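Enquirer: Sequence:
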Amino acid sequence: MLKLMIAALAVLAFSGCATSLKVEKLQHFTPQSKTFVLLGTTQWDSKIRTDLAKKGFKVLRFASQNQVITEGKNGEIARVFNEAEARYGITFSWEDVDRCVQNSSRLINGTFEITDIKTNEVLLVIEKGGWTSPCGFFMSRGMVFEDLAEALSNAWK
Numbered sequence: 210m211l212k213l214m215i216a217a218l219a220v221l222a223f224s225g226c227a228t229s230l231k232v233e234k235l236q237h238f239t240p241q242s243k244t245f246v247l248l249g250t251t252q253w254d255s256k257i258r259t260d261l262a263k264k265g266f267k268v269l270r271f272a273s274q275n276q277v278i279t280e281g282k283n284g285e286i287a288r289v290f291n292e293a294e295a296r297y298g299i300t301f302s303w304e305d306v307d308r309c310v311q312n313s314s315r316l317i318n319g320t321f322e323i324t325d326i327k328t329n330e331v332l333l334v335i336e337k338g339g340w341t342s343p344c345g346f347f348m349s350r351g352m353v354f355e356d357l358a359e360a361l362s363n364a365w366k
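Start counting at 1 in the sequence shown, then tack on 209, and there's your number in our numbering.
It cannot be assumed that every hint is accurate.
[Said to hold, decoys possible] Straight line, CA to CA, 16 Å or less: simulated EDC-like cross-link-like pairs of lysine to aspartate or glutamate:
1. Lys234 to Glu336
2. Lys256 to Glu355
3. Lys234 to Asp325
4. Lys231 to Glu322
5. Lys231 to Asp356
6. Lys234 to Glu322
7. Lys243 to Glu322
[As the list claims (entries may be wrong)] Across the chosen pairs, the derived CB separations fall in these ranges:
8. Ala364 to Asn312: 28 to 34 Å
9. Glu233 to Lys327: 18 to 24 Å
10. Cys226 to Ser302: 17 to 23 Å
11. Asn312 to Phe238: 37 to 43 Å
12. Thr228 to Asn312: 20 to 26 Å
13. Phe238 to Gln311: 40 to 46 Å
14. Glu304 to Gln241: 29 to 35 Å
In short, the hints are calculated from the structure, not lab data.
The model shown is predicted, which means the values in this text are computed figures rather than measured ones.
The C-beta atom is built at its ideal place from N, Cα and C for all residues, glycine as well.
Make a model of the complete structure from these sequences and hints.
Expert: What follows is the structure in structure tokens.
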């Protein structure tokens, strides 16, 4: 048991560093809602949705559910497009930093990128490192999804 604890402490002591909180507002905007579409998929989608919901956000699963067909004008061909379900999209990307020796948790650097779906402009980029779930009694860093959701909540005013 002692060897396991020494090995675990060594891994944590010599492992890579997680990113501290960085929030970059790329465009001036006034949020119109707290509803997002999660663009892309990751193994942590449900965790992202849950932690954002705790901060008052609504995260939809699909970007669109309705197809819109408009009539053509002056000889123009009819247009067909998918109607967006939300004004804003959120993309999550990450980079592995370390793994927990006690369970399947990972230490990652996570990034939320917020996009205005109507204008296709990136509004906000939030980066933060942390654990994906508790890593036993070696919790020297925060929980990445909770921290990202908190930072988004603070920036979304």
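Enquirer: If any of the earlier hints don't hold here, list their numbers in rising order.
Expert: none
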